[in-house]
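Novice: Model the full assembly from the supplied sequences, consistent with the hints where possible.
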Amino acid sequence: NAGVTQTPKFQVLKTGQSMTLQCAQDMNHNSMYWYRQDPGMGLRLIYYSASEGTTDKGEVPNGYNVSRLNKREFSLRLESAAPSQTSVYFCASSYQGEGTQYFGPGTRLLVL
Amino acid sequence: GDSVTQMEGPVTLSEEAFLTINCTYTATGYPSLFWYVQYPGEGLQLLLKATKADDKGSNKGFEATYRKETTSFHLEKGSVQVSDSAVYFCALRTPLSGGYNKLIFGAGTRLAVHP
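Residue numbers (our numbering), protein chains in the order written: chain F, 107 to 218; chain C, 13 to 127.
Please keep in mind that the hints were generated in silico from the structure rather than gathered at the bench. Heads up, some of the hints might be wrong.
Subject to a maximum C-alpha distance of 20 Å in a straight line, what follows is the list of computed EDC-like cross-link-like pairs (lysine to aspartate or glutamate) [stated by the list, open to error]:
1) Lys163(F) to Asp132(F)
2) Lys163(F) to Glu179(F)
3) Lys115(F) to Glu88(C)
4) Lys89(C) to Asp67(C)
5) Lys64(C) to Glu75(C)
6) Lys163(F) to Asp14(C)
If you want a taste of the chain F side facing chain C, the calculated C-beta under 8 Å gives, among others [claimed, not checked]:
7) Gly148
8) Leu151
9) Ala156
10) Phe196
11) Gly212
Model, not experiment: these values are computed from the prediction. All C-beta atoms in this analysis are idealised placements derived from N, C-alpha and C, irrespective of residue type, glycine included.
Specialist: Shown next as structure tokens:
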């Protein structure tokens, strides 16, 4: 049972490049989330998917897009990376209505 | 809107010292409350939770009591170990439409325990 997995673990991009962060869960959870973690700011919600086929904006969605490919997978795309998007990105999942979220190990992104 | 405020770190303690990390919240109603822990280089793990007022969550020697009078959920441990060195996040659950929910996190408190 792998839980929540994320790829890649680390990525360096140049300003303007694009990339997709992948997330998958094997716990049969309905809901999935993308957060970014910045020093002194805790975790901030970028996008979430309450159930398969739906996605919604969180607190800081600008510059990002998401795709809920199926129940297991939820990807985050940066179309044109900016230095302000340098951060650690975490994916999480949970059952509908259940507060406990399970987190992946994170992707550390550096935009030069 | 809903928010969580944690004491700023870092908190530096000697092994076997008593730990308190303060957490207060602002929310409509009585949300479920959580403490998550992040060890170096890892994702967040649920440490404990409380779903209603006066509940006490506990795990691995850590405890926190849901106090609606003071809107607080302070984390405590009687005797910390070096292995407890990590970043601790307080969070509350806030509802979304359709019966779904999201978590709102505090800024995190770094704990360093030395021998």
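Novice: For which of the previously enumerated hints does the structure constitute a violation, in increasing order of number?
Specialist: 1, 3
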